[in-house]
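**Student:** Heads up: the protein sequence lines correspond to chains A and B, in order.
This note's numbering applies: residue 1 is where the first sequence begins, and numbers increase by one.
This note's numbering applies: residue 208 is where the second sequence begins, and numbers increase by one.
Since the hints were derived computationally from the structure, they do not count as laboratory data.
Predicted, not measured: the structure shown is a model, and the values here were computed from it.
One thing to keep in mind: the hints can contain errors.
What the hints assert, rightly or not - Simulated restraints on C-beta separations:
#1 B:E250 / A:K112: 51 to 59 Å
#2 B:P442 / A:A89: 47 to 55 Å
#3 A:N92 / B:K268: 22 to 30 Å
#4 A:K207 / B:T475: 52 to 60 Å
#5 B:A610 / A:G175: 43 to 51 Å
#6 B:P409 / A:N136: 25 to 33 Å
#7 B:K275 / A:A124: 27 to 35 Å
#8 B:A272 / A:K112: 27 to 35 Å
#9 A:K112 / B:G561: 30 to 38 Å
Think of the CB as a built atom: it goes at the ideal place given N, C-alpha and C, for glycine as much as any other residue.
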Amino acid sequence: MAGLQPRPAACRVESGLKNTLAGLTVLAIAAAVPAASAQTAEQRLPACLACHGTNGIAKLPGVPSLGAMPADYVLTQLYMFREKMRVAAPMNALAEPLSDDDLRDLGDAISKLPPPQPAGEALAAADADHGSALVNRYHCNSCHGADLAGHDNIPRIAGQREDYLLKSLTDYKSGARPGYSPAMSEASKEIQPDHIPVLARFVSRQK
Amino acid sequence: MPRPTQFAVAALATALLAGTALAQTTPPTPKGDPLEGRPSNTEAAKLAPVDGPPLPTPAAKLPTAMLKVPEGYKVEVYASGMPDARSMRLGDKGTLFVGSRLNDKVYAVTQVDGKPVVKILARGLHRPNGLAFKDGNLYVAELNKVWRYDNIEANLDNPPKPTLIYDDLPSDEPHGWKFIGIGPDNKLYVPIGAPGNILVPPPTHAQIRRMDLDGKNVETVATGVRNSVGFDWNPKTKDFYFTNNARDWLSEDIPNDTLHEVKAGTGTPPNFGYPYCHQGNFTDPEFGWGHKCDEFAAPTALLGAHAATLGMRFYTGSMIPEAAGGIFVARHGSWNRTTKNGGDVVLVKLNDDGSFKSMQPFMTGFLQDNKYVARPVDVLPMPDGSLLVSDDWNGAVWRVSKAQ
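Given the sequences, and given the hints that come with them, work out the whole structure.
**Tutor:** Dropping the structure here:
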């Protein structure tokens, strides 16, 4: 098995994100498929973390951090990837061979990883105030929890990568990402477009 | 269950109080957000819509023993393993069709040697909650499209390509999923919910339409309807009855969800009051100014605050004599209330003139210690008189029948 594990070197390839993701996908699928039913979540996780970052903190653009994500949320998203209800190239192929129990086990394992630590320079006070006011105005904390750490089917967003937050919010709003429950699509419906970057910057800096 | 008249004074007082609180504390909020209208206090901030798990509960772990029915009846599992099982329809040859809302699938259940066999009939649909069946054909309503699958029961393993019947429908997610049905007038009924909690709906929303089975000759049968996810026709009078989900965030205790009636042959579509009047007896603290509830058609019955009344069917069977002529209503259960309300199947009785007589619990136990262990969505009386109840929390269908 060891020979099939993705090597950390793959992460350092400078040839653009697409190639990196493609390379890691091939490696991860190779790692996952041959013994699909025999592998435990612990055995699968390293291949996942090649992209999602060791300890669940993602370093690659476009790849979400998974640390301390609620187990139910991870399970739901993996289910959606497997059923092609959420379309995202690397994940659909990766989730395909996973059984219901695999999804549950991966959800549990991922929820135990440490939460991501906020990255990027600190926000100017005015930006922080604006972000915090918008979080209140749009009730983000009502669903995602007072500290935005998520619970049950609702994801942790605190400390998530800014680029990923930006993309998800844009995709809910445009309908490109339907969401399992319509709650997030509904909530995003009237977020003003120019508020999305402010929210993404602010939320990515929360612990 | 308070009657409308007794309730009016209390309702008015609460509405006025709520109105004051809202005026002081609510910042401008986005209209499509389910939290639209939420007052800013910490108790209210704990409430948000709750969804079940995406994987169906394994058969061995289903909470069958927790579900209670009256003495002399029993609950068993009719079928399981259908994530997010929602609306139900029965085919002429006995196939049970089951739609979903959070999932993308329509299921077909057949019984082979007394054991359920579940097939995925269609996948990749967007909120395929609504189903209807007529002359061998299955109608499926997505968020904004209605399809027809011809001669479906002969083709369960290899369903035909569906024909698009109707897509002149908005794409709003809030209250966008549908219940559909075909009436004794041979028309397809399609509701369109309000695109948010409380707002003045565009002329295309908050109504129920009907049309020929090919999607032509569309007309409106009811307006001022916030969100109906269940209806049926009185088998005696052919009058159309539907359940409606009332607005959120006004108060823990009001307004009630409602049962409404449109008499067969009614010309001008009645307006049931949304967003101006709630439960027939008080005006909305924001939108109600300048209106009176008498302007609108009154509800037939009040079915509980935030109870989420969904599927309903008249009962004409003989296995459950106490339900004869009554209506079974599935109350999915509240999210917008600190102590959850609903989460049961109730039996509503009407007087001979069609007015409300009584409401009693029939199947309970879905709610344990203020948490859901199951959630009823739709009810379906079977030809043998037993009652099926779908459950989107466990991805299962329950059967209530006489205990031998």
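**Student:** None of the hints should be skipped; say for each whether it holds.
**Tutor:** Hint check:
Between E250 of chain B and K112 of chain A the C-beta distance comes to about 31 Å, which lies outside the given range of 51 to 59 Å. Hint check: P442 of chain B to A89 of chain A, Cβ distance near 52 Å, so the stated range 47 to 55 Å holds. Range check, N92 of chain A to K268 of chain B: Cβ separation about 29 Å, and the 22 to 30 Å hint holds. In this structure the supplied range 52 to 60 Å holds for K207 of chain A paired with T475 of chain B, their Cβ-Cβ distance being about 59 Å.
At roughly 49 Å, the beta-carbon separation of A610 of chain B and G175 of chain A lies within the given 43 to 51 Å, and the hint holds. Distance hint for P409 of chain B and N136 of chain A: a CB-CB separation of about 28 Å, consistent with the stated range 25 to 33 Å. Taken as a hint, the range 27 to 35 Å is violated for the pair K275 of chain B and A124 of chain A, whose Cβ atoms sit roughly 59 Å apart. The supplied range of 27 to 35 Å is met by A272 of chain B and K112 of chain A, whose beta-carbon atoms lie about 32 Å from each other.
The hinted range of 30 to 38 Å is not satisfied by K112 of chain A and G561 of chain B, whose Cβ atoms lie roughly 58 Å apart.
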